[in-house]
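Trainee: The task is simple: from the sequences and hints, build the whole structure.
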Amino acid sequence: MPASSGQRASAIESKSFPNLPPVHWTERYFRLVWGAVGIVGCLLLWQLGSSTGVFDPLFVSSPLEVLRTAVRLLPSPEFLGHLFITSQCLFLGLSIALVVGVFVGLPIGWFPRLNATFEPVIAAVYGVPYIAFLPVIIMWTGIGMTSRVIIVFWSAVFPLIINSIQGARGVDDNFLRVGRSFSATNFQMFLTITLPSSVPYILAGLRTSIGRAIVGVVVAEFFMSSKGLGYFINLKANALEMAPAFVAIVLLALFGIALVSLVTYIENRFCNW
Amino acid sequence: MPNKIAVRDLAIIYRGRHDHEPVLACNGVDLEVEEGAFVSIVGPSGCGKTTLLYAIDGLLPINQGEICVNGNPIHGPGIDRAMVFQSASLLPWRTVWSNITYGVRLHEGLDRERVEKVESLIDMVGLRGFEKRYPSELSGGMQQRANLARALAVDPDILLLDEPFASVDAQTREKLQVELTHIWARTRKTMVFVTHDIGEAVFLSDRVVVFSARPARVREIVDIRVPRPRSLETKHSPLVQDYVRQVWNLIESPN
Chain B
89 MPASSGQRAS AIESKSFPNL PPVHWTERYF RLVWGAVGIV GCLLLWQLGS STGVFDPLFV
149 SSPLEVLRTA VRLLPSPEFL GHLFITSQCL FLGLSIALVV GVFVGLPIGW FPRLNATFEP
209 VIAAVYGVPY IAFLPVIIMW TGIGMTSRVI IVFWSAVFPL IINSIQGARG VDDNFLRVGR
269 SFSATNFQMF LTITLPSSVP YILAGLRTSI GRAIVGVVVA EFFMSSKGLG YFINLKANAL
329 EMAPAFVAIV LLALFGIALV SLVTYIENRF CNW
Chain Y
17 MPNKIAVRDL AIIYRGRHDH EPVLACNGVD LEVEEGAFVS IVGPSGCGKT TLLYAIDGLL
77 PINQGEICVN GNPIHGPGID RAMVFQSASL LPWRTVWSNI TYGVRLHEGL DRERVEKVES
137 LIDMVGLRGF EKRYPSELSG GMQQRANLAR ALAVDPDILL LDEPFASVDA QTREKLQVEL
197 THIWARTRKT MVFVTHDIGE AVFLSDRVVV FSARPARVRE IVDIRVPRPR SLETKHSPLV
257 QDYVRQVWNL IESPN
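If you read the sequences in order, they're chains B and Y. Positions 89 to 361 (this note's numbering) are the ones given, in order, by the first sequence. Positions 17 to 271 (this note's numbering) are the ones given, in order, by the second sequence.
A hint or two may mislead.
To be verified - Here are the simulated SDA-like cross-link-like pairs (lysine to any residue), alpha carbons at most 20 Å apart as the crow flies:
1. Y/K133 - Y/W113
2. B/K324 - B/L180
3. Y/K148 - B/N356
4. B/K315 - B/F199
5. Y/K133 - Y/K205
6. Y/K133 - Y/D173
7. Y/K148 - B/N360
8. Y/K148 - B/C359
9. B/K315 - B/T234
10. Y/K148 - B/W361
11. Y/K148 - B/F358
12. Y/K205 - Y/S114
13. Y/K148 - B/R357
14. B/K315 - B/F147
15. Y/K191 - Y/S247
16. Y/K148 - Y/S114
17. Y/K251 - Y/S228
18. Y/K251 - Y/K148
To be verified - Not close to chain Y: a few residues of chain B, all C-beta gaps over 12 Å, as computed:
19. V111
20. G215
21. T280
22. V307
23. A325
24. E329
25. N360
As the list claims (entries may be wrong) - Label-pair ranges, simulated between beta-carbon atoms:
26. B/F191 - Y/C84: 39 to 49 Å
27. B/W122 - Y/S61: 48 to 58 Å
28. Y/L248 - B/C359: 39 to 49 Å
Derived from the structure by calculation, the hints contain no laboratory data. Even for Gly, the Cβ is constructed at its ideal location relative to N, Cα and C.
Mentor: Structure follows, in structure tokens:
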């Protein structure tokens, strides 16, 4: 405290308050802790039910059995092959959907005439359960990698188109005025105003798309594949081998969580405005 | 001094988004601004001051009359004019640096010389150390400094300011007003300043243009004969207060 200030030194001088008790870790990681309690609790109930015979282990397996099977299955080249096929299909379909969704959606949102023309069509198609198109797509493209990628694409593309439309329509007038005031060309307006301003909408669309894409790939593999996690689940469940089926199901859940976390990371990193 | 801006018999029909009722915002506006002058426009709220400013920037179609800059009619935006918008016009996904250089990068690109100019601008508006921040991390006053720097960065002849300090707290506003007079003195830009704060208009300007209620017409032009440089004491001096009262009466009195 400088003597010249002529004021009494305050009791609290610095930004650290050594006398305050530290925040307890259950307080700091509140949601994480209770989330873990929820998951572990469910697994315990499941295990208990299977062990005591309340659930028939033949039909539902048990968490420990699933874990044992996972340890056995995960390193096996055959299972990894299924995993690879599914992820390949998912990534290809989602990537194409992202590019197409953005480049179809933004212009439709941007140009009022395109918007008025295409929005009813898109709304109509979006309203139909996308799985309903599956037999049609099989008729068009046969069964194989291409047609499975098309199904993933089809499952994923609509939320991206619709959100891109919303993004391009929702650009703040203030920002548009800034671009025009600085004599931006139409292309510069698109690149520096419309596109960045739509990114949060596009990412929100991507979130929805990931869930739909995973459904799409599994259903496609049920019906038209001899490889992939969907095929694997179908095969094992029919043979009453529930533990391997559950391993694949858990893996799909983790897949979804990982992809959505990636989007969340991108949002926090690049769209924190 | 030659006229930098000449507005002649201007009428603007303003139509909001989609199919809103069209509004006659300005009708028969005549206004001349000499090179290097600081002119403020005041008037009843909603009278069309901002509309006129947007029109001078080239953002609105002209329905009647003309706007000349350097003697030539304008046909849209140009980098001889730059706008300092009201709050919330910084692009939130760009850093302060990236916002300030926005206009420059659209046109010439950033060479070494331009970077140096922007650097000195950042010093001039007092944003040193904030270049890497995002607008949401800045106070309202800091945001408007960045907004001002963005307009100055393209080195326009004319600076158009649309109530730039309206949403800034009172203390910061007074500080920014004084700084703006310094910036004006250093850059010698022609400035057109729209505000609803009469004290601000008188303090800053060579001339205060009083608009009528909508549709806006020029009702009266008041020459502010207050010596420069002006400081905060000037703002509270009886001379300035007399002008404020005079302008206030002009706005309030019936046509």
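Trainee: For every hint, state whether the structure bears it out.
Mentor: Checked hints:
no.: 1; hint: Y/K133 - Y/W113; result: holds, 12 Å
no.: 2; hint: B/K324 - B/L180; result: violated, 26 Å
no.: 3; hint: Y/K148 - B/N356; result: holds, 17 Å
no.: 4; hint: B/K315 - B/F199; result: violated, 43 Å
no.: 5; hint: Y/K133 - Y/K205; result: holds, 16 Å
no.: 6; hint: Y/K133 - Y/D173; result: holds, 16 Å
no.: 7; hint: Y/K148 - B/N360; result: holds, 14 Å
no.: 8; hint: Y/K148 - B/C359; result: holds, 15 Å
no.: 9; hint: B/K315 - B/T234; result: holds, 14 Å
no.: 10; hint: Y/K148 - B/W361; result: holds, 13 Å
no.: 11; hint: Y/K148 - B/F358; result: holds, 14 Å
no.: 12; hint: Y/K205 - Y/S114; result: violated, 23 Å
no.: 13; hint: Y/K148 - B/R357; result: holds, 15 Å
no.: 14; hint: B/K315 - B/F147; result: violated, 23 Å
no.: 15; hint: Y/K191 - Y/S247; result: holds, 10 Å
no.: 16; hint: Y/K148 - Y/S114; result: holds, 8 Å
no.: 17; hint: Y/K251 - Y/S228; result: violated, 25 Å
no.: 18; hint: Y/K251 - Y/K148; result: violated, 35 Å
no.: 19; hint: V111; result: holds, 25 Å
no.: 20; hint: G215; result: holds, 26 Å
no.: 21; hint: T280; result: violated, 7 Å
no.: 22; hint: V307; result: holds, 37 Å
no.: 23; hint: A325; result: holds, 47 Å
no.: 24; hint: E329; result: holds, 51 Å
no.: 25; hint: N360; result: violated, 7 Å
no.: 26; hint: B/F191 - Y/C84: 39 to 49 Å; result: holds, 42 Å
no.: 27; hint: B/W122 - Y/S61: 48 to 58 Å; result: holds, 52 Å
no.: 28; hint: Y/L248 - B/C359: 39 to 49 Å; result: holds, 41 Å
The earlier numbered hints that this structure contradicts are 2, 4, 12, 14, 17, 18, 21 and 25.
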